[in-house]
Amino acid sequence: MSASAPVPAPPPGAPPAFRYGSALANEIEGRWQDRWETEGTYHAPNPSGALSGGFERVAGRPKLYVLDMFPYPSGVGLHVGHPLGYIGTDVYARFKRMTGHNVLHAMGYDAFGLPAEQYAVQTGQHPRVTTEANIATMRRQFRALGLGHDDRRSLATTDVDYYRWTQWIFLQIYQAWFDPDIGRARPVTELVAELEAGSRLVVDDEHPDGRPWSALSAAEQRAYVDDHRLVYRDEAPVNWCPELGTVLANEEVTPDGRSERGNFPVYQRPLQQWKMRITAFAERLADDLESIDWPERIKAMQRNWIGRSVGARVEFALTHDLTTTIPVFTTRPDTLFGATYMVLAPEHPLVAEVAAGSWGDADPASWRGAGLAEVIDDVPVSGWVSPMEAVAGYRRYASTRSEMERQRESRVKTGVFTGCYAVNPTNGERLPIFVADYVLMGYGTGAIMAVPAHDDRDFEFARAFDLPIVGVVRPPEAWFAEHGLAPDTLASAWPEAFTGTGAAMGSTNDGISLDGLTTPEAIAAVNGWLASVGAGTPTVTYRLRDWLFSRQRYWGEPFPIVYDDEGLPVALPESMLPVLLPDVDDYTPTVLGDDDQSVPVPPLGRARDWAEVTLDLGAGPRTYRRELNTMPQWAGSCWYYLRYLDPHNDAAVVDPAIERYWMQGATAGEAPAGDQPAAGGVDLYVGGVEHAVLHLLYARFWHKVLFDLGHVSTPEPFQRLYNQGYILADAFLDGRGVYVEAGEVEGDAETGFAFHGEPVRREQGKMGKSLRNAVSPDAIGAEYGTDTLRLYEMAMGPLDADRPWSGRDIIGVHRFLQKLWRNLVDEE
RNA sequence: GCCCGGGUGAUGGAAUGGCAGACAUGGUGGCCUCAAACGCCACUGCUCGAAAGGGCGUGCGGGUUCGAAUCCCGCCCCGGGCACCA
113 MSASAPVPAP PPGAPPAFRY GSALANEIEG RWQDRWETEG TYHAPNPSGA
163 LSGGFERVAG RPKLYVLDMF PYPSGVGLHV GHPLGYIGTD VYARFKRMTG
213 HNVLHAMGYD AFGLPAEQYA VQTGQHPRVT TEANIATMRR QFRALGLGHD
263 DRRSLATTDV DYYRWTQWIF LQIYQAWFDP DIGRARPVTE LVAELEAGSR
313 LVVDDEHPDG RPWSALSAAE QRAYVDDHRL VYRDEAPVNW CPELGTVLAN
363 EEVTPDGRSE RGNFPVYQRP LQQWKMRITA FAERLADDLE SIDWPERIKA
413 MQRNWIGRSV GARVEFALTH DLTTTIPVFT TRPDTLFGAT YMVLAPEHPL
463 VAEVAAGSWG DADPASWRGA GLAEVIDDVP VSGWVSPMEA VAGYRRYAST
513 RSEMERQRES RVKTGVFTGC YAVNPTNGER LPIFVADYVL MGYGTGAIMA
563 VPAHDDRDFE FARAFDLPIV GVVRPPEAWF AEHGLAPDTL ASAWPEAFTG
613 TGAAMGSTND GISLDGLTTP EAIAAVNGWL ASVGAGTPTV TYRLRDWLFS
663 RQRYWGEPFP IVYDDEGLPV ALPESMLPVL LPDVDDYTPT VLGDDDQSVP
713 VPPLGRARDW AEVTLDLGAG PRTYRRELNT MPQWAGSCWY YLRYLDPHND
763 AAVVDPAIER YWMQGATAGE APAGDQPAAG GVDLYVGGVE HAVLHLLYAR
813 FWHKVLFDLG HVSTPEPFQR LYNQGYILAD AFLDGRGVYV EAGEVEGDAE
863 TGFAFHGEPV RREQGKMGKS LRNAVSPDAI GAEYGTDTLR LYEMAMGPLD
913 ADRPWSGRDI IGVHRFLQKL WRNLVDEE
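Counting from 113, one number per residue, gives the positions in the first sequence under this note's numbering.
Treat the hints with care, since some could be wrong.
Said to hold, decoys possible - Here are the simulated distance ranges between beta carbons:
no.	residue 1	residue 2	range
1	Pro407	Arg298	32 to 38 Å
2	Asp762	Pro299	19 to 25 Å
3	Ser710	Gly855	43 to 49 Å
4	Asp578	Arg334	32 to 38 Å
5	Thr735	Val713	52 to 58 Å
Note that these hints are calculated values from the structure, not bench results.
Glycine included, every Cβ here is placed at the ideal spot set by N, Cα and C.
Produce the entire structure from the sequences given, and follow the hints as far as they go.
Right, dumping it as structure tokens:
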């Protein structure tokens with residue numbers, strides 16, 4: 113619009129020519145968006161390298177790195193819920209830019225993953241084609257939202273130039289091990305060098321004092337190194353999702369045993385898969401939460417997931433073979449005198465070994481499995497004829513139950529007696545050893561000492577199996593009163609376990625007495641005694657499991673791994689990257705029936721020319737088979753924030769000087785709350801809470817490996833995290849309970865709602881495709897202008913709160929802008 | 001059960017030790033218009049009162065303070081996360 117253009121006389125009653133309405137707003141916004149693009153207004157200069165133009169102008173300013181969790185480029189484009197956080201960071205970044213900061217704010221696309229692949233399966237269209245079209249749509253939408261991104265730094269995880277470096281990082285992790293002596297990752301070449309030099313010995317179960325490296329065969333040496341890598345192959349029960357045709361990480365399975373994505377059932381089955389040794393970093397991942405400024409609930413969720421428990425590992429010898437001991441983990445070693453039986457997880461390796469050939473005369477029917485006939489088909493009503501049979505039958509039963517069944521069924525305690533006994537090291541008591549599925553192989557040592565008087569689960573089991581209940585911690589008077597018991601009632605008559613702390617009792621032997629000590633005192637005392645007799649040591653245990661890293665899907669990063677003719681994996685050298693994702697005719701994952709135990713062949717197996725390859729890996733040209741699994745979607749999102757810093761670097765994942773500038777440069781006024789020194793990293797990271805133990809945990813893990821190996825300069829990737837809320841909207845269900853398109857529903861709360869004449873029921877939920885209540889920012893922008901949309905989203909409430917979308921309220925914000933405009937510009 | 005949030009008009013929310021309810025929606029009345037609205041103005045916490053004016057009021061009960069939505073103690077309710085993890 114030109115100021116000299118003649119203004120036609122408006123017809124009577126028409127709004128004034130220069131009233132702030134959608135047409136004027138769109139004209140102003142479009143003009144400025146063009147100008148920002150032409151002038152590179154939001155280009156943030158690097159201190160050196162290709163993007164350093166103009167750095168001298170900002171060299172004296174503090175830097176600020178503002179980051180959004182990047183989106184998946186969906187086929188339907190954005191809805192107004194998506195840009196909430198993006199608008200928030202944009203406002204913040206602009207403010208900081210205008211108040212003298214060099215602000216980096218960029219946007220990318222997390223583009224590998226299931227939806228594009230599923231669309232490809234249905235249409236035959238290559239996922240790259242749909243992905244690129246979707247990215248183009250979203251780019252246009254982000255531009256129309258007026259977001260001030262440095263578009264020179266945009267990337268997609270599916271770009272060959274990007275996933276080449278994802279593969280490179282994989283190799284870094286593969287070629288590293290965790291040195292427990294210093295608690296850090298180091299290159300495996302250093303491990304081998306120390307072993308060869310003799311400064312480090314090979315220690316394993318058979319050689320607890322170690323033996324020299326030269327005593328191992330070449331194959332043994334290789335297996336030893338492979339067992340120490342931070343990426344390794346493991347044959348173990350994994351989460352298999354038949355519907356998705358792939359295995360999943362523990363973090364991707366919901367508490368009720370379904371897939372996070374798609375909500376399909378997940379089953380346990382043993383498969384050989386790649387894993388990453390995230391458990392080696394459990395302690396640092398937990399401890400370093402103290403150094404970062406994150407919402408307390410996210411920290412709590414990560415702490416919870418990592419599950420640090422302080423306790424002791426105690427050895428229990430078998431009565432018939434005192435040289436064999438069963439290690440258990442307990443957080444309450446002070447209750448050791450109260451242990452009256454032991455339990456092994458069904459999968460425990462000692463179960464088969466200890467099971468006796470015949471029952472003892474006094475073994476009750478319940479110990480023989482009699483009560484299990486109702487839940488297990490092949491149990492005779494009177495129980496199994498021997499412990500060996502009982503144990504085998506019970507293990508069979510336990511192995512067929514999925515996680516979901518374990519959740520759904522009531523937590524009635526089941527188990528069978530192994531016919532074998534262990535010795536309580538404190539008092540010499542004979543403890544019957546049971547197998548029961550309330551003990552999990554994946555936690556601690558997969559075996560427990562049971563103290564029914566002071567543990568709810570052990571108490572229930574002891575009641576069901578008539579086992580002695582011996583109190584060794586005195587509950588307070590009030591506890592007895594609460595249960596209507598006389599003080600000092602014996603534990604065998606208690607209605608439930610006492611799990612609190614208190615004075616120890618009945619805990620005296622020739623070497624030690626805990627009686628009268630408080631729980632912390634008793635723990636310290638018994639730990640000292642256990643060490644002195646060689647029966648136990650203080651230990652920390654974590655709930656976290658290693659990260660299952662391979663997927664049987666097409667649309668992901670190929671592994672830079674091949675197999676030699678012995679079937680052993682070989683890492684490709686850096687010079688052979690990238691390993692390009694090959695084209696295939698059929699992207700369909702292998703879908704197996706729920707009971708089908710065959711090994712699924714990934715879609716990459718169909719690229720026969722690719723799957724077999726002749727390479728010279730140092731020993732002349734040989735034929736190798738490629739790894740056919742792909743990486744999980746989390747791989748690309750683990751490090752994109754680093755690539756924004758130096759997106760076109762062909763020689764390194766990120767230039768060290770540029771990395772230091774943005775990740776740990778001065779950030780005046782941005783220090784985190786509290787007394788902790790800043791750990792460095794991205795200054796502000798905004799995204800949804802749903803990644804609390806997925807992306808945010810994996811990215812911290814990768815970052816720590818890269819830090820240990822010297823590729824990044826900060827121990828944490830994200831100094832400050834903020835979770836934006838969700839935008840909620842009305843959703844409507846028809847008579848069948850199916851969601852109908854909310855945009856086509858008519859009526860209101862008084863008269864009732866109708867969809868194409870049929871009455872529908874109103875609900876409220878997170879805006880999105882699944883509830884069919886998405887509102888497009890394009891439509892809002894056209895009707896009111898982007899500034900109205902942005903201002904409305906920011907004015908709806910605090911950024912971290914969920915808020916209901918209301919098409920009605922937007923008009924108020926638009927009028928507000930009209931009033932503002934009128935105060936500055938004559939409408940006529 | 002354990003952990004983390006939160007409770008303010010009809011609605012979204014503002015105020016983090018100093019006039020509670022900014023701003024916005026909705027509502028009521030008026031203006032403009034043939035009629036409308038993406039237009040304008042006024043009123044709109046509850047309550048007593050014709051008005052002027054008064055009383056009450058931030059989940060409940062106590063406390064600190066000259067002064068509390070805000071700080072402290074004890075409850076209640078709602079939302080989220082975790083849970084057979086020894």
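Hint-by-hint comparison with the structure:
1. Restraint check, proline 407 to arginine 298: a C-beta distance of roughly 33 Å satisfies the suggested window 32 to 38 Å.
2. For the pair aspartate 762 and proline 299, the beta carbons lie near 23 Å from each other, so the given range of 19 to 25 Å is met.
3. Against the hinted window of 43 to 49 Å, the Cβ-Cβ separation of serine 710 and glycine 855 comes to about 46 Å, which satisfies the hint.
4. Against the hinted window of 32 to 38 Å, the Cβ-Cβ separation of aspartate 578 and arginine 334 comes to about 52 Å, which falls outside the hint.
5. Between threonine 735 and valine 713 the CB atoms are about 19 Å apart, so this pair departs from the stated range of 52 to 58 Å.
Hint check: violations occur at hints 4 and 5; the rest are consistent with the structure.
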